[in-house]
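Those protein sequences? They're chains A and X, same order as listed. Residues 1 to 112 (this note's numbering) are what the first sequence spells out, left to right. Residues 1001 to 1110 (this note's numbering) are what the second sequence spells out, left to right.
Hints were generated in silico from the structure; no laboratory data involved. Be a bit skeptical, because a hint or two may be false.
[As the list claims (entries may be wrong)] To give an idea of the chain A side of the interface with chain X (calculated C-beta under 7 Å), a few residues:
hint, residue
1, 55
2, 69
3, 88
4, 106
[To be verified] Pair by pair, the computed Cβ-Cβ distance ranges are:
hint, chain 1, residue 1, chain 2, residue 2, range
5, X, 1053, A, 3, 24 to 30 Å
6, A, 28, X, 1015, 36 to 42 Å
7, A, 61, X, 1027, 42 to 48 Å
8, X, 1045, A, 77, 26 to 32 Å
[Claimed, not checked] Quick look at which bits of chain A chain X covers, simulated, 3 or more residues with Cβ under 8 Å:
hint, stretch
9, 41 to 50
10, 96 to 103
Using N, Cα and C, we set each Cβ at its ideal position, and we do this for glycine too.
Residue strings, one per chain:
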Amino acid sequence: ETGVTQSPTHLIKTRGQQVTLRCSSQSGHNTVSWYQQALGQGPQFIFQYYREEENGRGNFPPRFSGLQFPNYSSELNVNALELDDSALYLCASSLAGTDTQYFGPGTRLTVL
Amino acid sequence: GIQVEQSPPDLILQEGANSTLRCNFSDSVNNLQWFHQNPWGQLINLFYIPSGTKQNGRLSATTVATERYSLLYISSSQTTDSGVYFCAVEGGGSNYKLTFGKGTLLTVNP
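Please model the entire structure based on the sequences and the hints provided.
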């Protein structure tokens, strides 16, 4: 157990819909990163939040957006869902100034 | 950006055998982590090892930063070791994201 939790566990949406995924970081961790893992691939970095601001972004379009709240929990929002958005979405928390990232169990999104 | 290559892509072992997984990276790193992903998708931290050698039970890891590679050793493998092993690095001028390799799928047969 890493102390990082994500909800929901599974989600099914249709093309064009919007989705919100949630992450609660490990106690004391103030940085949250989101990753997308397609089937058979390694996780790909989406973005990172620190002190409620985006701290870095990977090669994902603007329809992928996020928020971090004062308690360091975070949301990932995806608009105008596409079939290729079907993936496991992983959240990782860390403490700024340290390097080790701890991952949650993920949310498996299926877009039909 | 930094490139990460893992080998072999697939590995099948009998229970009790030893194995070595390799991770090559293309630039200097300030963070290197090994993960085991279980069948439910959970990424489990094995080692934080940007350089040097560490051991944890039957697992050990060595990173030679100057030569840009890391090795994960699994001794006396068990069926519960099955899953995908990922190497992930932070570096190459990017100090906020982990770049993952494609993983090694390990299958340990009884």
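Taking the hints in turn, this is what the structure says about them:
Nearest Cβ of chain X to the Cβ of residue 55 of chain A: about 6 Å, under the 7 Å cut. The hint holds. A least Cβ separation of about 19 Å between residue 69 of chain A and chain X goes past the 7 Å threshold, and the interface hint is therefore violated. For residue 88 of chain A, the interface hint holds, since its Cβ comes within 7 Å of a Cβ in chain X; the closest pair sits about 5 Å apart. Residue-level restraint check for residue 106 of chain A holds (minimum Cβ-Cβ distance to chain X is 4 Å; threshold 7 Å).
Checked against the hint of 24 to 30 Å, the C-beta distance between residue 1053 of chain X and residue 3 of chain A comes to roughly 27 Å, which is consistent with it. Range check, residue 28 of chain A to residue 1015 of chain X: Cβ separation about 39 Å, and the 36 to 42 Å hint holds. Evaluation of the 42 to 48 Å hint for residue 61 of chain A and residue 1027 of chain X yields a failure: the beta carbon distance comes to about 26 Å. Take residue 1045 of chain X and residue 77 of chain A: their Cβ atoms lie about 27 Å apart, and the range 26 to 32 Å holds.
A stretch counts as covered by a chain when three or more of its residues have a beta carbon under 8 Å from one of that chain; for the stretch 41 to 50 of chain A and chain X the count is 6, and the coverage holds. Only when three residues or more bring their CB closer than 8 Å to a CB of chain X does the claim for the stretch 96 to 103 of chain A stand; here the count is 5, and the claim holds.
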